[in-house]
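Chemist: Residue strings, one per chain:
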Amino acid sequence: MGRAEAGVGARTNWAPALATYFLDNGLEVVLSPERSSPTIGVGVFYRAGFRLEPEGRTGFAHLFEHLMFQGTSKVPKPHFGNLINSAGGLLNGFTRHDYTAYFEVLPSSALEMACYLEGDRMRFLDINEETLRNQVDVVKEEVRVNVLNQPYGGFSWLWLSQYAYSTFPNNHNYYGEFSDLEAATVDDAQEFYRTWYGPGNATLVLVGDFDESVARELVQRHLGPVESRERPHHPVLEEPLPSRRREFHHTDPLAPTPQVAVGYPTAPFGHQDHLPLALAARLLTDGASSRLQRALVQERQLLLHIGGGPHYPIGDSFEFAGPALFTFEATPRPGVSTDAAVLALDEELAKLADQGPSDAELERARRRELSAYHANNDSRLGRLRELGIMAAVHRAPQLVDELPERFSRVTPEDVARSVRSWLRPETSSVLHWECSGRKGAGR
Amino acid sequence: MSGPRQDSVLAAEVPTPHTVPPLRIEGVSRAQLENGVDLMVVRRPSVPRLEFRLTVPAGASLGPSGAVSELLAMGLPLGTATMDQAELSERIQDLGGSLQVHQDHDSLVVHAAALSEAEEDLYQLLAGVVQAPAFPADDLATERAKLLEGLRMARATPHFPASEALQQAVYGNHPYGRPEPGDTAVRRTGRKALLDFHHQSFSPWAAQITVVGAVEPRRTVARLRRAFGAWSGPKRVARAPRVRALPGGEMLFIERPESVQTVVMSARSGPSHGHPDHIPLTLATAVLGGGFTSRMMNNLREDKGYTYSPHARLENHLQDGLATATMDVRNEVTGAAYAELVYELSRLCTSEVPPDELETTKSYLAGVRVIMLQTQAGLASSLAQIRVHGLDHHYLERYSKQLPSTTAAEVLLAARRYLAPTAMTSVMVGDPGSREGLEALGRLRVRRPTRVW
Chain A
58 MGRAEAGVGA RTNWAPALAT YFLDNGLEVV LSPERSSPTI GVGVFYRAGF RLEPEGRTGF
118 AHLFEHLMFQ GTSKVPKPHF GNLINSAGGL LNGFTRHDYT AYFEVLPSSA LEMACYLEGD
178 RMRFLDINEE TLRNQVDVVK EEVRVNVLNQ PYGGFSWLWL SQYAYSTFPN NHNYYGEFSD
238 LEAATVDDAQ EFYRTWYGPG NATLVLVGDF DESVARELVQ RHLGPVESRE RPHHPVLEEP
298 LPSRRREFHH TDPLAPTPQV AVGYPTAPFG HQDHLPLALA ARLLTDGASS RLQRALVQER
358 QLLLHIGGGP HYPIGDSFEF AGPALFTFEA TPRPGVSTDA AVLALDEELA KLADQGPSDA
418 ELERARRREL SAYHANNDSR LGRLRELGIM AAVHRAPQLV DELPERFSRV TPEDVARSVR
478 SWLRPETSSV LHWECSGRKG AGR
Chain B
26 MSGPRQDSVL AAEVPTPHTV PPLRIEGVSR AQLENGVDLM VVRRPSVPRL EFRLTVPAGA
86 SLGPSGAVSE LLAMGLPLGT ATMDQAELSE RIQDLGGSLQ VHQDHDSLVV HAAALSEAEE
146 DLYQLLAGVV QAPAFPADDL ATERAKLLEG LRMARATPHF PASEALQQAV YGNHPYGRPE
206 PGDTAVRRTG RKALLDFHHQ SFSPWAAQIT VVGAVEPRRT VARLRRAFGA WSGPKRVARA
266 PRVRALPGGE MLFIERPESV QTVVMSARSG PSHGHPDHIP LTLATAVLGG GFTSRMMNNL
326 REDKGYTYSP HARLENHLQD GLATATMDVR NEVTGAAYAE LVYELSRLCT SEVPPDELET
386 TKSYLAGVRV IMLQTQAGLA SSLAQIRVHG LDHHYLERYS KQLPSTTAAE VLLAARRYLA
446 PTAMTSVMVG DPGSREGLEA LGRLRVRRPT RVW
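Residue numbers (our numbering), protein chains in the order written: chain A, 58 to 500; chain B, 26 to 478.
If you're looking for bench data, these hints aren't it; they were derived computationally from the structure.
Each residue gets a CB set at the ideal place from its N, CA and C atoms; glycine is no exception.
Treat each hint with caution, since some may be false.
[Stated by the list, open to error] Pair ranges (Cβ atoms, derived):
1. Ala361/B x Phe305/A: 29 to 35 Å
2. Arg466/A x Arg423/B: 36 to 42 Å
3. Ala74/A x Arg213/B: 54 to 60 Å
4. Ser54/B x Glu304/A: 56 to 62 Å
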């Protein structure tokens with residue numbers, strides 16, 4: 058539609074203010090004031106995720122996330138949640154491969170309380186047998202509801218990496234084997250807390266309706282006194298790329314029809330192909346006009362659904378500090394085999410690698426990214442999440458506001474090259490998700 | 026609104042805020058087009074985008090069948106006489122935009138967004154989608170296959186059959202209780218049925234458009250008039266009939282062999298927006314199972330460890346509000362967990378919520394409302410929803426004033442009217458072995474699995 062005249066410079070004028078600094082104890086602080094509504098977002102991102110769990114303690118990073126809501130010596134259970142809710146706020150946390158995030162969204166009057174509570178649980182967490190056993194039970198129910206009692210439970214995000222990688226940090230069960238969860242001890246949790254939850258391994262993000270100088274003072278008052286701890290050593294995550302395609306089969310007694318996932322080791326952060334691959338994900342799978350929807354769902358009628366991208370379906374291009382997969386998930390039409398689906402995917406990727414996208418296709422992907430950037434900025438949680446991940450995982454929070462401009466410099470040839478280099482059949486892992494027919498499934 | 030409770034066990038140094046700001050929705054303009062389309066435009070220039078919602082009374086309960094309603098919603102993005110679905114999607118994406126169609130019992134909602142510089146183009150595209158969808162036969166066949174697959178997958182979950190059975194048990198023959206479409210109905214639904222239902226239900230007289238974003242309301246109204254002003258259609262507005270409360274109290278157990286958890290859902294039909302009991306019941310439901318500190322959360326999760334995310338809510342429809350409590354519990358504790366739910370319901374109906382707890386819940390609901398209405402998307406969706414009830418932004422502002430003055434006695438009365446454990450209808454889906462603990466708690470009707478995929 059010839060909209061290139063709307064200059065990127067003008068677009069990024071919409072970026073909210075941003076300031077980054079470090080406290081003496083090593084805590085990274087990111088402040089982004091934006092005062093259009095009387096609300097704030099407060100988040101703490103710890104550089105501690107699934108991939109640093111020790112052997113015999115699978116699922117521990119996520120289990121520990123639960124313990125962070127179980128009270129401290131000063132604010133015992135269940136006062137953390139009560140305080141946030143009675144201030145009119147929401148709270149939650151999430152654990153991913155290379156970080157764990159805790160956040161609150163609140164009316165702006167609760168800024169000091171939120172700073173206090175985050176400082177408090179960074180220092181005085183009360184880890185005891187009773188809450189640990191209770192949360193082991195809760196996490197097992199979480200695994201049952203999300204994985205064991207659902208068809209396709211955990212498909213691709215939880216299972217593909219267990220097949221695709223060869224080393225423990227990358228290929229263990231991130232939700233945790235029940236025997237490992239049950240074996241977790243108070244000592245394990247205290248050790249984990251000491252090692253990974255110090256200020257030097259964390260980023261505090263404040264977004265929304267506050268005055269920057271007031272926020273700096275409150276942060277210093279409530280998080281400044283947290284004792285610094287030794288910086289932990291992160292495990293080595295890199296492993297050699299496979300040299301041929303590997304095929305795996307997983308049987309799901311609850312699934313009514315087969316599906317398939319294909320994972321490709323993807324370009325690391327900072328690589329010249331990293332941003333082009335984010336745009337490739339958009340133009341391959343986003344919406345009815347995307348290449349794969351159009352070719353495989355509408356024209357060739359091989360699939361009913363296909364989705365994909367870096368870290369799909371639980372993350373995006375910026376989620377990971379080490380190796381990551383660019384993943385596709387597809388549902389073949391009745392009568393079409395998962396092999397045929399993978400073959401067709403290979404063909405479409407080869408076309409993109411050979412010819413690259415058209416200018417219009419690429420511009421469309423960029424405009425979707427730009428629109429998503431603005432939509433994120435409109436939400437406290439959206440802005441908080443983007444800044445927190447970019448800071449905690451890559452030490453580059455300012456990049457969030459530079460992305461629209463950087464995407465505008467990606468060329469069709471960059472996209473073709475990145476697809477050629479990374480979305481190659483020979484490095485990929487294919488997971489055929491099969492139904493057993495045991496419960497009367499099948500056609 | 027008073028601040029959070031200061032318990033003696035809390036360290037004195039914990040700083041506590043004392044106010045949830047009053048809710049104000051500013052920059053609202055209203056207009057009606059000559060053909061009846063009702064417009065609400067809110068200037069909220071936080072980011073250079075806009076959110077668009079168009080609602081028509083073409084919800085899941087209003088079509089000639091469930092299959093027709095669902096396929097109508099799935100069929101709208103398939104393009105128009107002049108544009109196929111890929112081209113439509115391209116042109117929307119060129120605007121930095123998106124288009125989805127959602128459905129609830131009462132309404133079909135066209136849910137779109139774009140960069141605000143592309144406002145005029147977005148309306149022009151949407152006007153085509155809404156007024157002259159093509160439902161091309163080939164693409165429709167694909168959508169039917171997707172719907173069949175989606176239903177097969179849904180039936181393999183424990184939650185879908187549970188909520189389907191629950192709605193049937195609560196609503197009986199009322200259209201809100203209509204079962205999900207069967208495979209045969211989906212296969213038989215053709216283009217003609219969609220065109221007929223579209224013709225009947227997509228009337229400008231029944232359509233409401235809500236726009237929130239970085240827009241100039243006067244210019245926006247003019248643009249909407251250019252796009253939607255020529256739309257014509259019958260002057261009729263369909264709505265679901267009044268809900269007649271069924272006696273309730275039934276316990277239905279649906280067998281799902283080898284299930285590793287039991288899904289428990291309990292519900293009762295109550296009042297919707299505007300009814301004097303609505304705010305007290307919203308509060309009662311939130312005390313029971315809203316947020317991180319509700320009674321279900323504290324008892325069933327944080328004390329007993331029976332379940333991961335127990336919750337309760339009041340789901341607002343045009344003709345009623347459905348109060349529901351839901352949890353997934355492991356097999357061995359199914360009976361014990363249900364007994365705790367009955368206990369929590371009984372407690373709500375027999376003693377007043379203590380002042381601290383009531384204050385916490387009020388602040389939580391008020392705060393969540395402020396947070397939800399903070400984004401263009403959240404504000405647009407909330408306004409569109411409330412407008413279906415014939416209410417507007419003043420209602421949302423009033424709600425935030427009435428909430429603090431609601432008394433514990435009013436909450437108790439609402440709980441007695443709508444959350445009495447003996448009047449709740451409950452559905453459990455789980456392994457037959459989990460029935461044992463439940464049988465002592467009431468008369469259980471058992472349904473064996475009738476339908477495999």
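Chemist: Against the structure shown, which of the earlier numbered hints fail to hold, in ascending order?
Modeler: When the structure is compared with the hints, numbers 1 and 2 turn out to be violated.
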